[in-house]
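Respectively, the protein sequence lines represent chains B and S. Using my numbering, you'd call the opening residue of the first sequence number 1 and step up by one each time. Using my numbering, you'd call the opening residue of the second sequence number 1 and step up by one each time.
Note that these hints are calculated values from the structure, not bench results. The structure displayed is predicted, hence computed values, not measured ones. It is possible that some hints are incorrect.
[Unchecked claim] Short, incomplete list of chain S residues facing chain B, as computed with Cβ under 7 Å:
id	residue
1	I24
2	F26
3	S27
4	M92
5	D111
6	D118
7	A119
8	F125
9	L139
10	G148
11	T150
12	L161
Backbone N, C-alpha and C fix where the C-beta goes; we use that ideal spot for every residue, glycine too.
2 protein chains.
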Amino acid sequence: MPAAVTPEFPDHLRTQVDDYLAAIRFSDDPALAGLQDAMRYSLLAGGKRIRPVLALATAAAISMPVEQVLPLAAALELIHTYSLIHDDLPAMDDDDLRRGRPTCHVAFGEDVAILAGDALYAEAFRHLLTEQRGQPANLLRAAAELAGATGVDGMVGGQFLDVEASAPAGAGGLRHLHELKTGRLIGASVKCVLLIDGGQPAATMERFEVFASELGVLFQIVDDILDVTGSDAALGKASGSDERLGKRTYVTEFGLEGARRLAREAHHNASGALAGAGTREPGQLQQITDFIARRSF
Amino acid sequence: MPAAVTPEFPDHLRTQVDDYLAAIRFSDDPALAGLQDAMRYSLLAGGKRIRPVLALATAAAISMPVEQVLPLAAALELIHTYSLIHDDLPAMDDDDLRRGRPTCHVAFGEDVAILAGDALYAEAFRHLLTEQRGQPANLLRAAAELAGATGVDGMVGGQFLDVEASAPAGAGGLRHLHELKTGRLIGASVKCVLLIDGGQPAATMERFEVFASELGVLFQIVDDILDVTGSDAALGKASGSDERLGKRTYVTEFGLEGARRLAREAHHNASGALAGAGTREPGQLQQITDFIARRSF
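Just need the whole structure built from these sequences, with the hints factored in.
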């Protein structure tokens, strides 16, 4: 990491996201208060808000007012929260703790947790499709990207490869699993902003795609490293859960030092792609990249 | 029911839907074949395809080529299938049989069934947003309607009221539960076509809304009646499951004869609204309405 860069997370963007999320109401129907409680319990449990902050930082990088993409940013976090709720279910990873608190199904019951996840996903699209401003054709492309990034060739497909342990053997298979499971939604956090903008040259789009892809890899490697080296308190969940579940990770595949080497490589590649995108204000995107990398060192 | 109307289901529309659904592939990735198998197992299990056929019949009613709304129609059925898979889960209604075959979680495991449902919802939006032709602004409105109809103030909210038994007491509460749980998606099957068309006068839209709402009520009443009077073979699932689960239905609330009276009333209201919409070809929509009503007599 270049010494001149301070790996501080852009907390002001996170605060904007948190405030925006806290203000969202899904229904005025008192009979549905219990469902909304479960959704908000998980949605407002904190976290770095990496995906929505990435969206805001991408907007800043292309000189779009960050406020303009708050609806998209919220949709990204709603979807991320839905995926965590379903991942934690007894039939899936069976986790009791998330961000330092009982998981949604422990707090609200398994049936309500399934529905809270389903509802967050639906409300993500509703929010994006009704609140996000932009040219209709651009919004359609962004919404389609988000649906694709979370479908079979995206997040849910990656989750399937994970629970079924059916990814191809070797580093390529592991990378493919994570590209689907976490990479595509992280990529969409960048790409959807560019699609809503609609005015970036193809070369810029391409550099951003490489950036987002490498950032997704970096994010996953660091996550795998922290699962081994992190304390329960720092993680907000039980460390070593990958090992307990017998999951393939960058650490099981390459060892701790090998994983750290790959993290440095992904950090280097992401930073290079970002520099090559030629945007006016890449600063916050670089901050996020450095911040993620720093967690593993 | 007027004697002149033959309550035949428009099977040629159903065949178009079935053929279209059978041709959809969600991924070319061989590692994801197992997920796709689970999705297609439930999607291609047959059924009347009420929602997509309603969409096609609505297109015919406003002189739009029915082929034009096949992507929307498919999205509706993907979403309906996802809701059935999640409803059947052990933590929900815990049903082993659906359309005469083992439910998705019995056949593929609970984890894969949860993911198959999640994936069908994502792919519904991906398909609609990438395949459906129309003015972008109109498509956005249709997609937003579909998301809203399946979110907190729609299908998932209704499912929550059902599993939590938290709908208000009385006929109003029961109607509200079903308006959310089944009514809004049935309504969206009609409304999304009008939104994609974008050219219908407000008065026509309004009559269609009443029609779809009454049709949804009719559909639910008949479903409740059949749960009591139908054979397991005819239903493709265990009859009496509402009673087993202690669910509130139109039969528990009004008795069998009372429910049949309400079904006749809803049939009358739906038919009246349809006649009042002043469209050129309401024939197939009337056929569907008559067909649904006839099942309860």
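Tested hints:
Hint status for I24 of chain S: violated, given a least beta-carbon distance of 11 Å to chain B, over 7 Å. For F26 of chain S, the interface hint holds, the least distance from its beta-carbon to any beta-carbon of chain B being 4 Å, beneath 7 Å. Nearest Cβ of chain B to the Cβ of S27 of chain S: about 4 Å, under the 7 Å cut. The hint holds. A hinted interface residue such as M92 of chain S counts as satisfied when its beta carbon comes closer than 7 Å to some beta carbon of chain B; here the least separation is about 5 Å, so the hint holds.
Because the smallest distance between the Cβ of D111 of chain S and any Cβ of chain B comes to about 5 Å, under 7 Å, the interface hint for this residue holds. Residue-level restraint check for D118 of chain S holds (minimum Cβ-Cβ distance to chain B is 5 Å; threshold 7 Å). With a cut of 7 Å, the hint placing A119 of chain S at the interface with chain B holds, because the nearest CB-to-CB distance is about 4 Å. Interface restraint check for F125 of chain S: the shortest CB-CB distance to chain B comes to about 4 Å, inside 7 Å, so the restraint holds.
Interface hint at L139 of chain S: satisfied, since its Cβ lies 6 Å from the closest Cβ of chain B, which is below the 7 Å cut-off. Against a cut-off of 7 Å between C-beta atoms, the interface hint on G148 of chain S holds, since the closest Cβ of chain B lies about 5 Å away. Among the interface hints, the one on T150 of chain S holds; its C-beta lies about 5 Å from the nearest C-beta in chain B, closer than the 7 Å criterion. Against a cut-off of 7 Å between C-beta atoms, the interface hint on L161 of chain S holds, since the closest Cβ of chain B lies about 6 Å away.
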